[in-house]
Structures are given as structure tokens and as C-alpha cells.
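Next come the chains, spelled out residue by residue.
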Amino acid sequence: MKRVKKVQAILIGIAILFVMAAWGPAQAQQKNIILSTTTSTQDSGLLDLLIPIFEKKTGYFVKTIAVGSGQAMAMGQKGEADVLLVHSPAAEKKVVAEGYGVNRRIIMHNDFIVVGPAEDPAKIKGVKVTTEVFKKIASAGSLFLSRSDKSGTHTKEMAIWKAAGINPDGQKWYQQTGLGMGQTLNITSEKKGYTLTDRGTYLATKKNLSLDILAEGDAILLNVYHVIEVNPARWPKVNAAGGKAFADFMVSKEAQDIIKTFGVDKFGSPLFFPDAGKKEEELGK
Amino acid sequence: MDLILEGILKAFHLLFTLDPEVLGITLLSLQVSGSATLISLFIGISIGTLVALTEFPGRKLVVSLINTGMGLPPVVVGLFVTIFLWRNGPLGFLGILYTPAAMIVAQAVIATPIVMGITLAAIQALPKKLRLQILALGATRLQMVWILVKEARLPLLAGVMAGFGGVISEVGASIMVGGNIKGYSRVLTTATVMETSRGNFDVAIALGIILLLLAYFINLVLTHIQQRERPR
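Quick mapping for you: the protein sequence lines, in order, are chains A and B. All residue numbers for the first sequence refer to the numbering used here, where the first residue is 65 and numbers rise by one. All residue numbers for the second sequence refer to the numbering used here, where the first residue is 5 and numbers rise by one.
Simulated from the structure, these hints should not be mistaken for laboratory data. A few of these clues could be false.
The list that follows gives simulated cross-link-like pairs (lysine-lysine, BS3-like), each with its CA atoms no further than 25 angstroms apart [claimed, not checked]: (1) A:187 / A:157; (2) A:324 / B:186; (3) A:157 / A:226; (4) B:133 / A:95; (5) B:186 / A:308; (6) B:154 / A:70.
Below, a sample of chain A positions facing chain B; criterion: calculated Cβ distance under 7 angstroms [to be verified]: (7) 134; (8) 143; (9) 241; (10) 272; (11) 276.
Yeah, the Cβ is synthetic: ideal placement off N, Cα and C, and Gly gets one too.
Whenever a hint applies, use it, and build me the whole structure from the sequences.
Rendered as C-alpha cells:
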């Protein structure tokens with residue numbers, strides 16, 4: 065009976081240590097940075113490459129929260145993130161104008177593409193103007209999958225529908241996934257539909273998809289990524305120094321060189337094009 | 005079909021080569037869900053027993069609330085825990101959002117009503133005369149409670165399994181409060197979601213299989229304890 069008690073005591077001791085151990089690695093707050101970003105930077109694998117280098121260099125610990133650009137900016141507006149890496153220019157300008165974000169700097173770009181099944185039921189292949197592409201999909205009544213999550217991609221998609229003069233909401237051929245880009249591509253592939261995607265996520269996940277690039281190259285399809293530091297004047301708990309350090313790293317030559325070559329070995333072409341120091345208006349020319 | 009086969013092969017490859025990242029993810033899953041289950045046992049069994057053994061006005065309401073809590077949706081728990089733990093939220097001073105500690109809190113919230121509900125049912129299912137008999141033999145109230153809990157250990161261990169099973173397989177709350185941060189708060193379920201959205205289905209299947217194996221071994225151990233000695 066005594067021995068049983070002893071074993072029990074040891075087990076309880078281990079259990080307590082076990083719980084404490086999980087609690088342990090709560091680092092000093094000022095060494096933590098919360099990076100709120102879009103799914104494409106994580107799903108493509110770019111951040112897995114950049115963040116360890118940044119952490120090693122600076123000693124900061126980056127907590128990457130990969131959500132749509134809309135949610136990422138909402139976190140910034142609430143002061144729940146320190147730095148944002150997003151691709152929804154119109155919404156970004158608003159965040160800066162309202163004083164929630166400061167020091168918005170351009171990082172890189174790639175482009176959006178329209179992908180769909182090889183059979184191409186709406187006959188959009190070869191159509192140069194993206195609004196025409198969307199009109200053709202609508203008039204053919206071909207299935208179109210929308211992210212519908214206020215992400216940068218979704219914002220771009222809505223802008224194109226608007227430019228095409230079509231309101232797709234509630235149409236039978238228009239389905240809303242509410243999911244990230246990777247999952248939306250999977251669904252589009254399964255359902256043989258069309259969708260708008262950033263090139264990076266498409267190239268990174270292409271091997272499992274039966275989707276082809278059907279429209280690309282239009283100026284409206286430019287996809288630009290910026291960093292924004294969350295304004296510490298608005299939210300005193302924000303780690304402003306950490307946010308700035310990360311933003312500075314993203315525009316540094318080291319990070320820009322990595323972005324330039326990222327994906328070349330695996331996909332034959334880069335997923336992103338570094339743009340630090342350029343102006344948004346100069347791109348795509 | 006090929007994909008599933010590939011996934012199974014990948015799972016064994018990752019397991020036998022002791023891939024450090026997968027190993028870390030697996031251990032963290034075990035640690036987070038194990039800790040959450042321990043906390044839920046502590047709270048769940050004590051309150052469950054208390055409610056089972058006492059009569060008070062509004063007891064039916066409390067019991068129905070506990071029973072509803074057994075089906076608490078993880079995403080809803082995740083949402084509320086996130087809002088409470090935000091820097092500018094009521095518990096923001098703790099600074100534990102996007103840490104494994106936050107995941108333990110959320111998972112404990114999910115598991116506690118499960119353990120509590122099963123404890124409640126298990127203690128109530130014991131014959132009422134047993135209580136009188138124990139007291140008649142001169143036991144104090146605390147001793148009586150202890151004996152009752154011991155008598156109900158079969159269903160209570162089922163409660164442990166249900167609680168652990170509920171949290172180890174849960175993804176909604178973990179991804180919201182943990183953030184799925186590489187090498188820090190990434191567990192098997194959140195990694196599976198991420199690999200799926202990356203289109204790495206083989207890795208996703210492999211992680212799923214590892215999760216099933218882990219759940220199986222934990223339940224094997226618990227079943228062993230449960231069935232070791234049949235109650236008299």
C-alpha cells in the first residue's frame with residue numbers, strides 16, 4: 065500500500081512538471097513579434113525561409129499568424145499584431161490613413177492569374193483583358209469559386225467584378241468558400257471551376273491540382289505586398305521596435321535576394337519579385 | 005488511392021527516421037492535450053462529484069448546462085479565449101496568446117464539461133444505499149466521496165478518454181489561440197490543416213496517421229488501467 069502511494073505521488077509530480085513545462089517557454093514580451101500576414105506568404109513556404117534568418121540575426125521570436133489580408137489588417141487595427149505583411153493596397157492605404165499603421169513599405173510583387181480546368185468551358189483562354197474573362201465566365205454560367213474572406217485576393221476579385229459591371233452575389237455559378245487560397249484551389253480543382261489566385265500559391269501547390277493558367281498578364285492582375293508597422297501611438301502595447309526590425313529586414317538586401325531566388329530551384333521560376341525601394345506605380349511596366 | 009498509400013508510407017518514413025520537426029509537433033500535441041486533460045480532470049471530477057452528491061435549487065438547470073457544455077464547439081471556445089487573451093482584452097496582461105499555454109487553457113475549457121458530465125452521471129449511477137452504508141461504517145464525508153470516486157473509476161476513466169480524445173483531435177481552438185507557429189505552437193491537427201492547404205496531401209495524411217496512432221496508444225494505456233481490476 066505504501067509503495068502504491070509513492071508511485072502515485074511520483075506520477076502526480078511528473079504530471080505537474082509536465083503542465084509547467086508547457087507553460088515555461090513564455091519568452092520576455094519585448095522579444096516577441098506578432099506578424100500578421102496573408103496565407104500566400106505562409107502557404108508558399110517563403111516565410112519558413114526568411115523568418116529563421118531574421119530570428120537568428122536579431123534574437124527576436126516571430127509569431128506568424130497566417131490569415132487573410134482582411135483579418136490581418138483587422139488585427140493591426142486592434143493593436144493585436146506588431147507588423148503586417150499584406151497584399152490589399154486599397155485597404156492598406158485606409159489603415160495608414162486612419163492612423164493604425166505607419167511606415168508602409170513595398171516588399172515584392174507577383175501577379176494574380178485566372179485558373180480553371182483544361183477543357184475551359186467558358187472559353188477564356190487567350191482573352192487578354194481580365195474584365196472580359198470575368199464577363200465570359202458569367203455569361204457562360206461556369207462555376208467560379210470565390211475566397212470570400214476579405215483577403216487581398218478576394219478584394220482584387222471583387223474589384224474585377226465591379227470593373228466588369230457584374231454582381232456575382234447569389235448567382236448559381238458563383239460559390240463562396242470562405243477559405244484560404246490553398247484550400248480554395250483544391251476545391252476549384254475538384255469541382256472543375258474557375259478561380260482567381262496569386263501565382264505563388266498556385267505554383268507551390270500545382271502538383272496536386274488539375275488546373276491550368278487560363279488568363280494572365282493584364283495590368284489589373286498585379287499583386288503587390290507591403291509591410292506596415294502597427295502604430296504604437298495608437299496601441300501602447302505594440303512591440304514597435306520589433307515590428308520595425310522585421311520591416312527593415314524585409315526591405316534589406318539580404319531578404320530581397322532570398323525573395324528573388326525563392327522557388328526557382330523547385331518551380332523553375334521565382335514566386336515573387338523583390339521591389340524594395342520602388343514605387344507601386346512603377347511596377348508592371 | 006495512390007495518395008493514401010503514399011501518405012501511409014510517408015507516415016512511417018517520418019516516424020522511423022524520427023523527423024525532428026514531426027517529433028516536436030507530436031510531443032507538443034501530447035503535452036498540450038495531456039496538460040489540458042489533467043486540468044479538466046481536477047476541475048471536472050471535483051465539481052461533477054459535488055453536483056452529483058448535493059441537492060440545491062436550480063440543480064436541474066446546472067446539470068443541463070453541464071451536459072450542453074459536453075458539446076461545446078471548439079471554434080467558439082477558441083474565439084472567446086482569443087478575445088479574452090488579446091493584449092487589449094480583459095486577460096491581456098497575462099501575455100499568453102499564441103503560446104502553448106493559451107492552447108492548454110482553451111483545450112481545458114473544452115475538456116472540463118466532458119469530464120464533469122461523465123463524472124456526474126457515473127457518481128449518480130452508484131446505488132444510493134452505498135452512500136448510507138459507507139457513512140454507517142464510520143467514514144467521514146471526505147472518505148465517502150473518495151470511496152465513491154474509486155467505485156466509479158470505470159466510467160470515470162471513460163471520461164478521461166473522452167476528454168483527451170476531444171482535445172487531441174480538436175483544431176478550431178488550437179489554431180485560433182495557438183496560431184500554428186512553426187516549432188512553437190504547431191500541433192498535429194493544425195499542421196494537418198496547413199499541409200492540406202499547401203497541397204502537401206501526403207504529409208497531411210501522414211500527420212493524420214500519426215495522430216491516430218498517438219490517440220490509440222494513449223487509449224490503450226488508459227484501457228489497460230481501466231480493465232486491470234474489475235470492480236468488486
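Legend entry - Hint check: 7 angstroms Cβ-Cβ cutoff, residue 241 of chain A to chain B: The hint is violated - residue 241 of chain A has no Cβ within 7 angstroms of chain B, the shortest such distance being about 11 angstroms.
Inset, instruction - Take the C-alpha atoms of residue 187 of chain A and residue 157 of chain A, compute the straight-line distance between them, and say whether it is at most 25 angstroms. - result: violated, 36 angstroms
Legend entry - Holds or violated: residue 154 of chain B to residue 70 of chain A, with C-alpha atoms at most 25 angstroms apart: Roughly 18 angstroms between the alpha carbons, so the hint for residue 154 of chain B and residue 70 of chain A holds.
Legend entry - Holds or violated: residue 186 of chain B to residue 308 of chain A, with C-alpha atoms at most 25 angstroms apart: holds, 22 angstroms
Inset, instruction - Identify whether the interface hint at residue 134 of chain A stands, where standing means a beta carbon of chain B within less than 7 angstroms of its own. - result: For residue 134 of chain A, the interface hint is violated, since the closest Cβ of chain B sits about 16 angstroms away, which is over 7 angstroms.
Legend entry - Status of the residue 143 of chain A interface restraint (C-beta, 7 angstroms, chain B): Constraint on residue 143 of chain A satisfied, holds at 6 angstroms.
Legend entry - residue 133 of chain B paired with residue 95 of chain A [C-alpha distance capped at 25 angstroms]: violated, 60 angstroms
Inset, instruction - With a cut-off of 25 angstroms on the C-alpha distance, tell me whether residue 324 of chain A and residue 186 of chain B pass. - result: holds, 23 angstroms
Inset, instruction - Please verify that hint: residue 276 of chain A, Cβ, nearest Cβ of chain B, below 7 angstroms or not. - result: Given a least distance of 16 angstroms, the restraint on residue 276 of chain A is violated.
Legend entry - Restraint check for residue 157 of chain A with residue 226 of chain A, where alpha carbons must lie at most 25 angstroms apart: OK: residue 157 of chain A and residue 226 of chain A at ~20 angstroms, within 25 angstroms.
Inset, instruction - Answer holds if the nearest beta-carbon of chain B is closer than 7 angstroms to that of residue 272 of chain A; otherwise answer violated. - result: holds, 4 angstroms
When held up to the earlier numbered hints, the structure conflicts with 1, 4, 7, 9, 11 and fits the remainder.
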